[in-house]
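A.B. asks: Residue-level listing of the chains:
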Amino acid sequence: MLKVRDLHVYYGVIHAVKGITFDVPEGKIVTLIGANGAGKSSTLKAVAGLVKPKGHIQFLGHEMVGRSAHKIARRGAALVPEGRHVFVNLTILENLRMGGFNKKRSELEPLYEKAFEMFPILKERANQKAGTLSGGEQQMLALARALMSEPSLLMLDEPSLGLAPKIVSEVFDIVKMLNSKGMTVLLVEQNAAQALKIAHYAYVLENGTITLEGNAKELLNNEDVRKSYLGEM
Amino acid sequence: MKRNQILTIGSIVLLFLFIGYANGHLNAYYIRILNNTAIFLMFAASYNLINGVTGQFSLEPNGFAAIGAYTAAILTLTPAQKEAMFIITPMVPWLQHIHMSFFPALIVAGIVTAMVGFILGFPVFRVRGDYLAIVTLGFGLTIRVVSNNTMSITNGPLGLKGIANYTNLWWSWGFAIAAMIVIMRLINSEFGRAMKAIRDDEDAAIAMGINTFKIKMIAFVTSAFFEGIAGGLLAHLITTISPTLFTFFLTFNLLIIIVIGGLGSMTGTAIATVLVVWGSEWLRIVEQPMHIFSLTIPGIPGMRMVIFSILLIIIMIFAREGIMGQKEFSWDSLFKLFKTKKVANK
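Each protein sequence line maps, in turn, to chains A and B.
Quick note: the first sequence, position 175, residue 175 per the numbering used here, numbers continuous.
With the second sequence counted from 1, adding 233 to any position gets you the numbering used here.
In case anyone wonders, no lab produced these hints; they're calculated from the structure.
Possibly wrong hints are sitting among the right ones.
To be verified - For lysine-lysine, the following PhoX-like pairs were computed, each having C-alpha atoms within a straight-line distance of at most 25 Å:
(1) K129(A) <-> K394(B)
(2) K103(A) <-> K447(B)
(3) K569(B) <-> K104(A)
(4) K560(B) <-> K123(A)
(5) K52(A) <-> K447(B)
(6) K569(B) <-> K129(A)
(7) K569(B) <-> K71(A)
Stated by the list, open to error - Quick list of simulated restraints, FRET-style, between CB atoms:
(8) N127(A) <-> S422(B): 15 to 25 Å
(9) V88(A) <-> E316(B): 38 to 48 Å
(10) F571(B) <-> Q128(A): 41 to 51 Å
(11) Q128(A) <-> P531(B): 53 to 63 Å
(12) A126(A) <-> K394(B): 57 to 67 Å
(13) K71(A) <-> G257(B): 30 to 40 Å
(14) N207(A) <-> N382(B): 54 to 64 Å
Just so you know, even glycine gets a beta-carbon here, dropped at the ideal spot from N, CA and C.
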């Protein structure tokens, strides 16, 4: 579904992503793991069109490099940004409405229902401002909002960031459930243990290059990965 | 829903009844203040659309006001007037012969300003935040310099004189109410929600598939259109315009109004416009010579602005969101207020 070839991201003189190549096949969860500053978020932003990369990004057979971000989103790649980024002064319902910005009015009603069914907490507070939600609830809202566009690829940037462990596993359960219904997921995580448990395939990023890749289960047992990312001595 | 509409229409009718009364009964000084209120309301509401609702901190309204004022004035002045006025450099011939009545001239002023806003939007919205403020500030200054130096179009520093005094309460309030209705409807539409989304988090809005450039442009062009018309109304109220009228000071006044009213709140803007326009008239007493006991203070021109600045500082400390914050006045909230009071009385 998503094919990334020789992707480079520059911020001025800083070369953040140095020619990485990876694939996200349809119906799979693929994760990019790595430490702070490894280039994970930059990669995701490049795919979403929020930064202008060099190289090739093929999504559903179309070249995405050079397209503006809103056009990429309309093609069906939805990004849940790092740190949630909900619209704090809009109500929850309005946040969801923004997620389905490119949907027709008549298409929205069933999508709201779906979102509220998946996240009952949001239904109770539909007319409350998003800024009044807790961190975990905001993450749920960010996820629900991304799903409003009925994406074919869901990109999650550090969904566990700043959340209590219990909420983190709830978020990952939801991602797993979505995947079991056919959603393709590209997951960027620092919490390597959690990410590897739900993913099918994983890439390890270090200083902007991919140093290791393989089935998530194999990586979970890989000595180097265990040492570097899973906190084992 | 029905009740609120009737109440809104009712209060607009009431406002126009008052204007009808004011036209015949109040003296010229009060009528002038009422005209100023309407024109500033139009300026401030359009400015708040881009600054408050869309969250794009920009400083260009003096530039748009100048374009609107000059366009409308050039169109309503008669060819003979223009010939007599342009004594140093003659006017461009086709501009000299063009002549229109008031209403079409205002609409053309709005359209010309909106077009300038559209062209300006391309470079301006490539930058965000502080940079946007600086670029738009530069535009306001540029327009002033241009109007000073294009002698054959604007008559340069000599300005335009003898503009017909067409602006009356009906015109000014008619346009102000129309602008308010259009802007409020825009805010409550799909585009308005997207504008608020951009204000809250532009990156997330882009990731949602919102074409943020387009949305910002809609806000900017709408804002420019009404500021252009307001500029035209202003020109036909004071009948003399020159580049010095459209300094950054005008933008600064509007900024005070929208900050006091609440960034993003149109009803707050309306309240603040009344407060600032009427307040600045009332505060003229502090600029007059005063005798306090045996102490005599000579009149200090500009003292009003000192008081306004102090007021702004106090608001920034104690009520950072302004009078209304981002909320709008609604009939429902008014009725709720009465209801809770009744319960409390029991």
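A.B. asks: With reference to the structure, classify each hint as holding or not holding.
C.D. replies: Hints and how they fare:
With a C-alpha separation of about 52 Å, the suggested pairing of K129(A) with K394(B) is violated against the 25 Å cut-off. For a cut-off of 25 Å, the pair hint linking K103(A) to K447(B) stands: about 17 Å separates their Cα positions. Distance hint between K569(B) and K104(A) is unfulfilled; the C-alpha atoms sit about 34 Å from each other, more than 25 Å. With a C-alpha separation of about 23 Å, the suggested pairing of K560(B) with K123(A) holds against the 25 Å cut-off.
A C-alpha spacing of about 19 Å is found between K52(A) and K447(B), which places the hinted pair at or below 25 Å, so the restraint holds. Of the supplied pair hints, the one linking K569(B) and K129(A) holds, its CA atoms being roughly 20 Å apart against a limit of 25 Å. Note on K569(B) and K71(A): the hinted pairing is violated, with a Cα-Cα distance of about 44 Å set against a maximum of 25 Å. For N127(A) and S422(B), the hinted distance range of 15 to 25 Å is satisfied, since their beta carbons lie about 19 Å from each other.
Roughly 59 Å separates the CB atoms of V88(A) and E316(B), a value that falls outside the hinted 38 to 48 Å. Roughly 25 Å separates the CB atoms of F571(B) and Q128(A), a value that falls outside the hinted 41 to 51 Å. Judged by the Cβ atoms, the range 53 to 63 Å given for Q128(A) and P531(B) holds: they are separated by roughly 57 Å. Here the CB-CB span from A126(A) to K394(B) is close to 59 Å, well matched to the stated 57 to 67 Å.
The supplied range of 30 to 40 Å is broken by K71(A) and G257(B), whose beta-carbon atoms lie about 59 Å from each other. Our hint of 54 to 64 Å for N207(A) and N382(B) holds, since their Cβ atoms are close to 55 Å apart.
Violated hints, in rising order: 1, 3, 7, 9, 10 and 13; the structure is consistent with all others.
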